[in-house]
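A.B. asks: So the sequence lines, in the order shown, correspond to chains A and B. Counted the way the numbering used here counts, the first sequence spans residues 6 to 273. Counted the way the numbering used here counts, the second sequence spans residues 5 to 276.
Just so you know, the hints here were simulated from the structure itself, not pulled from any lab data. A couple of the hints might just be wrong.
Computed list of lysine-lysine pairs in DSSO-like fashion (alpha-carbon distance at most 27 Å, straight line) [to be verified]:
hint : chain 1 : residue 1 : chain 2 : residue 2
1    : A       : K25       : B       : K88
2    : B       : K93       : B       : K158
3    : B       : K158      : B       : K88
4    : A       : K123      : B       : K158
5    : A       : K25       : B       : K93
So the derived label-pair ranges between C-beta atoms look like this [to be verified]:
hint : chain 1 : residue 1 : chain 2 : residue 2 : range
6    : A       : E90       : B       : W269      : 30 to 36 Å
7    : A       : G148      : B       : F247      : 50 to 56 Å
8    : B       : G148      : A       : R211      : 51 to 57 Å
9    : B       : F16       : A       : G144      : 29 to 35 Å
10   : B       : A274      : A       : A136      : 23 to 29 Å
11   : B       : V272      : A       : Q127      : 42 to 48 Å
12   : A       : Q234      : B       : A274      : 32 to 38 Å
13   : A       : L70       : B       : K275      : 55 to 61 Å
14   : A       : T174      : B       : R174      : 37 to 43 Å
15   : A       : V247      : B       : L217      : 17 to 23 Å
16   : A       : R29       : B       : L151      : 47 to 53 Å
17   : B       : R174      : A       : G148      : 53 to 59 Å
Cβ-to-Cβ under 8 Å is the rule here; a few derived chain B residues that face chain A [stated by the list, open to error]:
hint : residue
18   : I60
19   : P167
20   : T172
21   : F263
Built from N, CA and C at the ideal position, the CB exists for glycine as well.
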Amino acid sequence: MTHTPHRLEIENISIGYGDKIILRELSFQVPHGARVAVVGPNGAGKSTLFKALVGILPLQSGRILIHGEVLGAHKDCVAYIPQREDVDWRFPVTVSDVVMMGRYGQMGWLSRPSSHDKEVVQNSLARMGIADLASRSIGQLSGGQQQRAFLARAIAQEPHILLMDEPFTGVDVTTQEMTLNLLDHLQDRQVTTIVSTHDLNLAASRFDLALLINHQLIAFGTPQEVFKQENLQRAFGSSLLVMENGTMLVDECCPGDEEHEHHHTEAR
Amino acid sequence: MNWLLEPLTYEFMQRGLLASVIVGVLCAVMGTYVVPRGMAFLGDAMAHAILPGVAIAYILRGDLLIGAGVAAVIIALSIGFFSKEGTVKEDTAIGILFAAALSLGVALISTMQTYAVDLSHILFGNVLGVSVSDLWLIGGLSLGILLIVVLLFKPFLVISFDPVLAATLRLPAELLRNLMLVLLALTVVVSLQTVGVSLAAAMLVTPAATAYLVTRRLAPMMLVSALIGAVSSVIGLYISYYFNIVSGSSVVLTATAIFMLAFLWKRVRAKG
């Protein structure tokens, strides 16, 4: 751990593919070690934001600063849990190979893993409860186990900022619980975590900050400040249902999911 | 033991055997990047796509291998260019360019008055006609390609398995992807002499597919694949010598037989 504050500043960024702008003029600042939930309707630009933060998608305008320096200046700073379809699951690698890839940035491309690297990999596997699966092929694991392998790799990277795109969707309860425990552990270590989720309850209860977006910034602040009726109404539009007792219900259909998912949060 | 040693008394057999083993190993190693990614088609396409280069070299009376090499590199970089950032899917780009290049090759060849023996050697290989200078070229290129594969083992592993990690680690992914395609293209060129255009793809795919059945990690897969490539080349060449069959065919059929054995073994083990 370094003594520099793990600060992330987003200055007026616009991101898109070609002419199509997906996120417009977004600005916010994340203090070091904060847990941020990114919330918004489907297609609001959550994955797009993550891809820009990692540096896969170029910015059309604005800047991203990490520790006051432009994105890309710090090599191992940002870790990202990719979406399933980005990974080639048939590739001949074992679980420990995958986690070791997290060390590549620090060990250099030509050198062999040191005993410290191996130790970090072992600890990361153990933390995610998959040490016994270390020598299995990554393709043989269940979806939840695969996600834990990628989380283990992210810890092994020893990042300052960890990005997770929908880690709670479509995984087993154990994996959800382990992911949540990991968030707490990372906060102890002053790692900033930015997590997109559909689960407003989770966003309100387990995160320090919430970022509500729908192609632009709707609200950013503590969950109490952000999850207000007018904000949610602006983000979710007609899929937000306000009950008489003040309970708000967001009803939307996830693309690719067969059934409707209901997400709700208590309004204060 | 005499039947083992007898063929080796001929110098052309020594050179042929050496060339076959080198090519067998090289193809087998490069194949480990092709097989898991489901790009078996790429090897085949690449092999046929170099035909216009060979034809032009033949018309200009130049070195056929150099013509093939130039064509291969152009095709490899074109595939990279058209599939850049997902404009066209990689296999679609390969399909289009492969058909275009093959057509061009056939068109060029059809303008020639006579099809010489040389050209049939390009199609089916002529392992017993390997000259000393050919051997140097094959050996040098193979060594260079294998050296790059060893040095860039980790970057190639990351861009093949998880392009997003490659991006977060700030790897020059596009450059590496193009380099990989060029190395594959050169591998096909090197294998022209021993198995020919028509069978090069088999040497790229079959040993690697066999190794994929019996290993779970990339480095061991490469070693097993290389061993299968080398063994098939040696056995195939002896079969070719004693039964008077085209060497490319006997090498590929030997590799196929080993694949069948591994496949059966895997099936039996899965049931038992």
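A.B. asks: Hint by hint, say whether it matches the structure.
C.D. replies: Verification of the hints:
1. K25(A) with K88(B): holds, 19 Å
2. K93(B) with K158(B): Given pair K93(B), K158(B) holds - Cα atoms ~25 Å apart, limit 27 Å.
3. K158(B) with K88(B): holds, 22 Å
4. K123(A) with K158(B): holds, 16 Å
5. K25(A) with K93(B): Given that 27 Å is the threshold and the Cα spacing comes to 21 Å, the pair holds.
6. E90(A) with W269(B): 30 to 36 Å: For W269(B) against E90(A), whose Cβ atoms are near 33 Å apart, the range 30 to 36 Å holds.
7. G148(A) with F247(B): 50 to 56 Å: holds, 52 Å
8. G148(B) with R211(A): 51 to 57 Å: The hint (51 to 57 Å, Cβ to Cβ) holds, given that G148(B) and R211(A) are roughly 54 Å apart.
9. F16(B) with G144(A): 29 to 35 Å: The hint (29 to 35 Å, Cβ to Cβ) is violated, given that F16(B) and G144(A) are roughly 45 Å apart.
10. A274(B) with A136(A): 23 to 29 Å: Since the Cβ atoms of A274(B) and A136(A) sit about 26 Å apart, the hinted range of 23 to 29 Å holds.
11. V272(B) with Q127(A): 42 to 48 Å: violated, 35 Å
12. Q234(A) with A274(B): 32 to 38 Å: 57 Å Cβ-Cβ, so the 32 to 38 Å window is violated.
13. L70(A) with K275(B): 55 to 61 Å: The hint (55 to 61 Å, Cβ to Cβ) holds, given that L70(A) and K275(B) are roughly 59 Å apart.
14. T174(A) with R174(B): 37 to 43 Å: For T174(A) and R174(B) the Cβ distance comes to about 29 Å; the hint is violated.
15. V247(A) with L217(B): 17 to 23 Å: violated, 59 Å
16. R29(A) with L151(B): 47 to 53 Å: Holds - the Cβ-Cβ distance for R29(A) and L151(B), about 49 Å, lies within 47 to 53 Å.
17. R174(B) with G148(A): 53 to 59 Å: Violated - the Cβ-Cβ distance for R174(B) and G148(A), about 29 Å, lies outside 53 to 59 Å.
18. I60: violated, 36 Å
19. P167: Hint holds; P167(B) Cβ to chain A Cβ min 7 Å, cut 8 Å.
20. T172: It holds, given that the least Cβ distance between T172(B) and chain A is near 5 Å, below 8 Å.
21. F263: F263(B) check fails; min Cβ-Cβ to chain A is 16 Å, beyond 8 Å.
Checked against the numbered hints above, the structure violates hints 9, 11, 12, 14, 15, 17, 18, 21; every other hint is satisfied.
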